[in-house]
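Residue numbers (this note's numbering), protein chains in the order written: chain A, 155 to 348; chain B, 56 to 290.
Because the hints were derived from the structure by calculation, they are not lab data.
Take the hints with a grain of salt, since some may be wrong.
As the list claims (entries may be wrong) - Calculated cross-link-like contacts (lysine-lysine; reagent style BS3-like; alpha-carbon spacing at most 25 Å): (1) B/K124 to A/K322; (2) B/K186 to A/K326; (3) A/K326 to B/K175; (4) A/K159 to A/K322; (5) A/K294 to B/K181; (6) A/K326 to A/K299; (7) B/K237 to A/K322; (8) B/K181 to B/K268; (9) B/K237 to A/K159; (10) B/K124 to B/K268; (11) A/K326 to B/K268; (12) B/K175 to A/K294; (13) A/K317 to B/K237.
To be verified - Simulated restraints, written as ranges between beta carbons of each label pair: (14) A/T188 to B/Q287: 29 to 39 Å; (15) A/D186 to B/P57: 23 to 33 Å; (16) B/E250 to A/N251: 42 to 52 Å; (17) A/Q170 to B/Y119: 19 to 29 Å; (18) B/N289 to A/E262: 49 to 59 Å; (19) A/D199 to B/M162: 48 to 58 Å; (20) A/Q170 to B/E264: 26 to 36 Å; (21) B/S66 to A/D186: 31 to 41 Å; (22) B/S66 to A/T188: 19 to 29 Å; (23) A/D186 to B/T104: 27 to 37 Å; (24) A/N217 to B/P77: 43 to 53 Å; (25) A/N217 to B/P197: 52 to 62 Å; (26) A/S204 to B/S66: 45 to 55 Å; (27) B/S66 to A/P224: 49 to 59 Å.
The beta-carbon is built from N, C-alpha and C at its ideal position, and this holds for glycine as well.
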Amino acid sequence: MHSNKHIAIILPDTLQCLGLQHLLSEYFPPLDITSYQSAETFTSDKNHESYDYYFTCAEIWVNNMDFFLPRKSKTLLILNQQPIINKTASIYQIASNDSLELMIEQIELLFENDTNTIQSGENNKGLSAREIDVLQLIVKGSTNKEIADKLNISLNTVLTHRKNITSKLGIKTVSGLTFYAIMNGYISGDEIEL
Amino acid sequence: MPLVYPNMILSEVVAEHTSLIPVLNRLGIRLGLGDESVKAVCEAHQLDTDFLLMILNTYLNEEYFPEKKLQSFHTSQIIDYLTKTNQYYERFQLPNITRHLNSFIAMNPEGNYSLAVIGKFFAEFKNELIKRIQNDQKNWFPYCLSLSRQDLSRQISQTNDFSTGIRPEADDPIEALLSDIKRIMIKHITGDYDENLCYAVLFSISSLEKDIKQHNRIRYRILVPMITAMEQLNK
Numbered sequence: 155m156h157s158n159k160h161i162a163i164i165l166p167d168t169l170q171c172l173g174l175q176h177l178l179s180e181y182f183p184p185l186d187i188t189s190y191q192s193a194e195t196f197t198s199d200k201n202h203e204s205y206d207y208y209f210t211c212a213e214i215w216v217n218n219m220d221f222f223l224p225r226k227s228k229t230l231l232i233l234n235q236q237p238i239i240n241k242t243a244s245i246y247q248i249a250s251n252d253s254l255e256l257m258i259e260q261i262e263l264l265f266e267n268d269t270n271t272i273q274s275g276e277n278n279k280g281l282s283a284r285e286i287d288v289l290q291l292i293v294k295g296s297t298n299k300e301i302a303d304k305l306n307i308s309l310n311t312v313l314t315h316r317k318n319i320t321s322k323l324g325i326k327t328v329s330g331l332t333f334y335a336i337m338n339g340y341i342s343g344d345e346i347e348l
Numbered sequence: 056m057p058l059v060y061p062n063m064i065l066s067e068v069v070a071e072h073t074s075l076i077p078v079l080n081r082l083g084i085r086l087g088l089g090d091e092s093v094k095a096v097c098e099a100h101q102l103d104t105d106f107l108l109m110i111l112n113t114y115l116n117e118e119y120f121p122e123k124k125l126q127s128f129h130t131s132q133i134i135d136y137l138t139k140t141n142q143y144y145e146r147f148q149l150p151n152i153t154r155h156l157n158s159f160i161a162m163n164p165e166g167n168y169s170l171a172v173i174g175k176f177f178a179e180f181k182n183e184l185i186k187r188i189q190n191d192q193k194n195w196f197p198y199c200l201s202l203s204r205q206d207l208s209r210q211i212s213q214t215n216d217f218s219t220g221i222r223p224e225a226d227d228p229i230e231a232l233l234s235d236i237k238r239i240m241i242k243h244i245t246g247d248y249d250e251n252l253c254y255a256v257l258f259s260i261s262s263l264e265k266d267i268k269q270h271n272r273i274r275y276r277i278l279v280p281m282i283t284a285m286e287q288l289n290k
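Same shape as in the complex, but just chain A (with noise of 0.2 Å):
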């Protein structure tokens, strides 16, 4: 859902990757979890840059230094043994052969760390004034193009308000929305056909 943490695994290791990928949905779901085998095929994706956090090989790492230095704080290194690095280095890593207790502590201390974690709570702030007008309007059938225009605002933020409804209510479908719109009492029942 919206609120997951999107994680970029860069590993050509099949193995690593796949056993980074298990422990993390284990222990810390939920996850939007993708996974490059290398360094190309992530840099080719256009979102490439838009990644909560990065986990990634010391190679790659090192390789792609003006990608990764800045996003230090949202990257953790997996090595293949006991880091040689040391730790002044103030770079998240663990070692293959680490106890997973290790692991999953390291893993938090890169989770808790990072100011750009979405706080919970944060999606669950009521519609404002305007987001209701416009939750109103999609309810009636109306299309962007008759919100923008009924509301004197632009198509875009048209698509802005109606994005962040979703987010904050969690429902996608105009169903939906009508429904939740009916049980708040900014639509009444008769309004429109049920």
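Dock chain B against the given chain A, drawing on the hints supplied.
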């Protein structure tokens, strides 16, 4: 990863994963499984063991979806299974949810309006699902089967609406509606209501959701590519 293998004792598998019972039932396998292995049960019921295992494993494990292996089965096997799941929704799961929902709405001393709204929302979903099932049975499945038989004499007019089949998986309207019903109940229900009946409704809706997700994975990722490939061949 698969969880069920041919040599496992089916009764033990079922004891571990009771959610498989309706899946086995729709394939004609009933309880009273004794100590037979999966393979033996399949042979006794004249079922393709590989196919049954594929169905059970993809049902149990959402991550497990070997597309190549699934596409090696015959179109008629896939359609037969999807038809059976459709029948199960129509005959059992939908009536079951409706029954729970009706008691949930009826047990409402304070006249909580939001329960009736949930009831209406579910009715709308139910209509959509039944519409899709009917279109599958009347149009889309027969079309797929005739293609797989290379039955070119039976030309079906291109004006037929097969859009239910060819929609991208992520946009499936049936799944979206179900997830919204759940969301509305879990996140937005207000006022007084009976907790136990509410749980019964949500539980039955969630089990339908799980089933439909598997149906849709097979529908969009196996059947649709099969049909598209056959259409290309026939051009």
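Consistency of the hints with the structure:
Restraint check: the Cα-Cα separation between B/K124 and A/K322 comes to about 40 Å, which exceeds 25 Å; the hinted pair is violated. The hinted pair formed by B/K186 and A/K326 meets the criterion: a straight-line CA distance of about 21 Å does not exceed 25 Å. A threshold of 25 Å between alpha carbons decides the hint, and for A/K326 with B/K175 the separation of about 17 Å falls inside it, so the pair holds. Annotation: proposed proximity of A/K159 to A/K322 holds, straight-line Cα distance about 16 Å (limit 25 Å).
Simply put, A/K294 and B/K181 have alpha-carbon atoms about 22 Å apart, close enough for the 25 Å limit, and the pair holds. At roughly 19 Å between alpha-carbon atoms, A/K326 and A/K299 fall within 25 Å of each other, so this suggested pair holds. Straight-line distance between C-alpha atoms of B/K237 and A/K322 comes to about 15 Å, which keeps the hinted pair within the 25 Å bound. Of the pairs offered as hints, the one joining B/K181 and B/K268 holds, with about 16 Å between alpha carbons and a cut-off of 25 Å not exceeded.
As the CA atoms of B/K237 and A/K159 are separated by approximately 22 Å, the hinted pair is consistent with the 25 Å bound. For the suggested pair B/K124 and B/K268, the alpha carbons sit about 19 Å apart, so the restraint of at most 25 Å is met. Between A/K326 and B/K268 the alpha-carbon distance is near 17 Å, which keeps this suggested pair within the 25 Å criterion. Of the supplied pair hints, the one linking B/K175 and A/K294 holds, its CA atoms being roughly 17 Å apart against a limit of 25 Å.
Only pairs whose Cα atoms come within 25 Å are accepted, and A/K317 paired with B/K237 is accepted, the gap being roughly 19 Å. A hinted range of 29 to 39 Å holds for the C-beta pair A/T188 and B/Q287, which are about 30 Å apart. A hinted range of 23 to 33 Å for the beta carbons of A/D186 and B/P57 is consistent with their spacing of about 24 Å. At about 48 Å, the beta-carbon gap between B/E250 and A/N251 stays in the expected band of 42 to 52 Å.
Distance hint check: the CB atoms of A/Q170 and B/Y119 are about 20 Å apart, consistent with the given range 19 to 29 Å. A hinted range of 49 to 59 Å holds for the C-beta pair B/N289 and A/E262, which are about 56 Å apart. Range check, A/D199 to B/M162: about 51 Å between beta-carbon atoms, so the 48 to 58 Å window is met. For A/Q170 and B/E264, the hinted distance range of 26 to 36 Å is satisfied, since their beta carbons lie about 33 Å from each other.
About 38 Å separates the C-beta atoms of B/S66 and A/D186, a value consistent with the hinted range of 31 to 41 Å. Separated by about 40 Å at the C-beta atoms, B/S66 and A/T188 break the suggested range of 19 to 29 Å. A hinted range of 27 to 37 Å holds for the C-beta pair A/D186 and B/T104, which are about 35 Å apart. Restraint check, A/N217 to B/P77: a C-beta distance of roughly 51 Å satisfies the suggested window 43 to 53 Å.
At roughly 55 Å, the beta carbons of A/N217 and B/P197 sit within the given window of 52 to 62 Å. Roughly 48 Å separates the CB atoms of A/S204 and B/S66, a value that falls within the hinted 45 to 55 Å. Range check, B/S66 to A/P224: Cβ separation about 57 Å, and the 49 to 59 Å hint holds.
Figure legend: structure checked against the earlier numbered hints; hints not met, in rising order: 1, 22.
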